[in-house]
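S.K.: Protein sequence lines, in the order shown, are assigned to chains A and B. Residue numbers for the first sequence follow my numbering, beginning at 1 and rising by one. Residue numbers for the second sequence follow my numbering, beginning at 1 and rising by one.
A couple of the hints might just be wrong.
Remember, identical chains collapse to one label, so a pair may be satisfied in a single copy or spanning two.
Subject to a maximum C-alpha distance of 30 Å in a straight line, what follows is the list of computed DSSO-like cross-link-like pairs (lysine-lysine) [to be verified]:
1. Lys-76 - Lys-188
2. Lys-256 - Lys-76
3. Lys-83 - Lys-255
4. Lys-83 - Lys-188
5. Lys-180 - Lys-83
6. Lys-256 - Lys-297
7. Lys-54 - Lys-180
8. Lys-180 - Lys-278
9. Lys-297 - Lys-116
10. Lys-297 - Lys-255
11. Lys-162 - Lys-54
12. Lys-162 - Lys-278
13. Lys-297 - Lys-76
14. Lys-113 - Lys-255
15. Lys-76 - Lys-162
In case anyone wonders, no lab produced these hints; they're calculated from the structure.
There are 2 protein chains.
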Amino acid sequence: MSVTVVGSVALDTVETPSGTNTEGLGGAAMFFSLAAANFTRVNLIGVVGDDFPKEHVDLLASRDIDLEGLEHAEGKSFRWTGKYHDDINLRDTLDTQLGVFETFQPKLTAAAKDAKYLFLGNIHPALQLDVLSQANADFVALDTMNLWINETREDLEKVLAKIDCLIINDEEIFDLTGEKNIVRGARKIQDMGPSIVAAKKGEHGCVLFAGNQLFSAPAFPMAEVVDPTGAGDTFAGGFMGYIAQQDSVEFETLKKAVIYGSVTASYTCEDFGPERLKEVTPDSIITRFDAFVALSKF
Amino acid sequence: MSVTVVGSVALDTVETPSGTNTEGLGGAAMFFSLAAANFTRVNLIGVVGDDFPKEHVDLLASRDIDLEGLEHAEGKSFRWTGKYHDDINLRDTLDTQLGVFETFQPKLTAAAKDAKYLFLGNIHPALQLDVLSQANADFVALDTMNLWINETREDLEKVLAKIDCLIINDEEIFDLTGEKNIVRGARKIQDMGPSIVAAKKGEHGCVLFAGNQLFSAPAFPMAEVVDPTGAGDTFAGGFMGYIAQQDSVEFETLKKAVIYGSVTASYTCEDFGPERLKEVTPDSIITRFDAFVALSKF
């Protein structure tokens with residue numbers, strides 16, 4: 001089954017302790033799509049400006065990604081500039097230029113509407129609601145961020161009430177629920193709507209809550225992280241891609257989806273932007289999945 | 001096989017968001033012993049003052065713990081006072097009264113000398129070296145802290161060169177090696193001596209390095225942490241207790257030992273001091289081990 005993703009495609013300028021990458025390919029929907037396309041067909045709904053390099057579009061087009069829904073608008077592409085600390089878990093946003101993304105009004109293509117699986121990337125919850133009203137998906141997952149939690153909470157609660165799965169990191173859980181404890185926070189989120197909560201803890205792995213069931217997975221231990229930008233979006237892409245490929249939201253499938261998400265995300269961290277991710281194949285993901293099994297089984 | 005532990009037995013006054021516990025039973029060697037005694041015979045080497053409540057000694061004596069090496073010295077028992085933040089992962093030490101612990105000179109009993117497994121609790125590395133010279137253990141694990149890493153590094157390096165296993169948390173890895181990455185840090189520590197490094201990450205689990213092998217385990221997810229004091233020492237007790245019980249340091253045993261350590265430590269967090277831990281039985285640990293298997297297998 002195919003998966004539809006709505007979100008940003010961007011040009012990222014990133015400084016990390018390993019170096020600087022200027023105006024590289026970025027954006028949540030881009031990372032999601034490159035990851036998910038290892039598992040299934042992806043419909044990408046997004047917007048780029050007329051300055052967007054053709055090579056980036058060609059890269060995406062070379063994968064199992066339907067770009068009919070990638071709008072090319074007049075104006076500048078979304079640009080983000082960030083700098084990571086020596087502690088690579090910390091970063092500062094230095095600049096955000098929304099460009100054509102500021103007035104982005106997602107319009108689902110016929111294929112995007114009919115996809116059984118939908119991922120609502122991190123955009124204004126009012127837009128997420130609008131996309132939901134266009135889509136026929138059976139299973140909807142959502143990403144959000146502190147900005148929407150704090151500034152547009154009413155809209156966010158409306159969309160949370162309608163979705164199946166929230167993919168969220170630990171800090172956002174605290175912001176959304178006031179709970180400093182992931183287990184209590186996730187239970188509160190389940191009461192808001194989504195029966196499934198995937199609580200991402202970065203280098204510490206992920207805890208999955210599905211109804212009353214719980215699954216705790218470590219992250220893939222890495223000796224070197226070059227650039228973690230997009231790791232969370234890659235996780236979501238691997239997670240949703242595997243679910244769509246298996247066409248199942250059974251707990252056993254969801255657990256494996258968490259591991260596939262973690263494994264795929266580990267590639268993203270190994271180089272700037274999608275430099276490493278774009279070399280990844282379904283086979284290499286399976287090899288690393290097996291390595292993950294080996295290092296976590298007892 | 002039995003295990004010997006050398007370390008503190010104390011009276012802890014602890015304030016957490018759940019309440020206050022005044023002069024409760026505490027100390028690393030105490031938590032270690034209560035945990036390990038669920039698996040094997042423990043020889044406890046420590047010191048208490050003449051003000052130490054008899055009920056605490058009676059509690060330890062009621063378990064499979066040899067107290068012949070628990071010295072009763074003239075003077076005050078070691079007292080520690082700490083306060084946890086709303087974020088229970090953070091705490092401040094408000095007061096430390098070393099009392100009789102200040103001049104503690106560990107003397108191993110015959111049984112303690114002959115134990116095949118030895119845990120050097122968090123004391124001055126010169127004392128740890130002295131204990132090592134008294135002992136006939138085949139397998140030695142060690143705990144330390146930032147104080148010794150920063151103030152007595154030369155002695156610490158001497159003892160590290162002689163031991164088999166370092167149990168250490170992520171912050172201490174950074175202090176000891178200058179590496180902000182656990183994988184790189186653990187490899188550096190292995191170069192200092194111990195072939196095995198158990199890197200504790202608190203609520204995020206543990207990564208075990210054994211030679212070139214690696215095992216990553218999540219923590220047991222908890223909805224409520226009343227008091228995490230002693231959780232790390234309890235982990236060490238469950239870890240070493242299981243290894244001594246199995247009389248094996250094979251990788252497969254070490255991995256299960258990490259899980260038994262985590263599971264036993266989860267009990268400690270559920271109430272103040274050892275209040276919950278002291279109710280635990282080998283059977284309840286096995287039940288929770290099985291629950292851990294269920295929530296982490298995929």
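S.K.: Does each hint fit the structure? Answer for all of them.
M.R.: Outcome of the hint check:
no.	hint	verdict
1	Lys-76 - Lys-188	neither (40 Å within a copy, 47 Å between copies)
2	Lys-256 - Lys-76	neither (39 Å within a copy, 55 Å between copies)
3	Lys-83 - Lys-255	neither (33 Å within a copy, 37 Å between copies)
4	Lys-83 - Lys-188	between (33 Å within a copy, 27 Å between copies)
5	Lys-180 - Lys-83	both (27 Å within a copy, 17 Å between copies)
6	Lys-256 - Lys-297	both (14 Å within a copy, 9 Å between copies)
7	Lys-54 - Lys-180	neither (45 Å within a copy, 38 Å between copies)
8	Lys-180 - Lys-278	between (36 Å within a copy, 27 Å between copies)
9	Lys-297 - Lys-116	between (33 Å within a copy, 28 Å between copies)
10	Lys-297 - Lys-255	both (14 Å within a copy, 8 Å between copies)
11	Lys-162 - Lys-54	neither (37 Å within a copy, 60 Å between copies)
12	Lys-162 - Lys-278	neither (33 Å within a copy, 46 Å between copies)
13	Lys-297 - Lys-76	neither (48 Å within a copy, 47 Å between copies)
14	Lys-113 - Lys-255	within (27 Å within a copy, 47 Å between copies)
15	Lys-76 - Lys-162	neither (33 Å within a copy, 62 Å between copies)
Violated hints, in rising order: 1, 2, 3, 7, 11, 12, 13, 15; the structure is consistent with all others.
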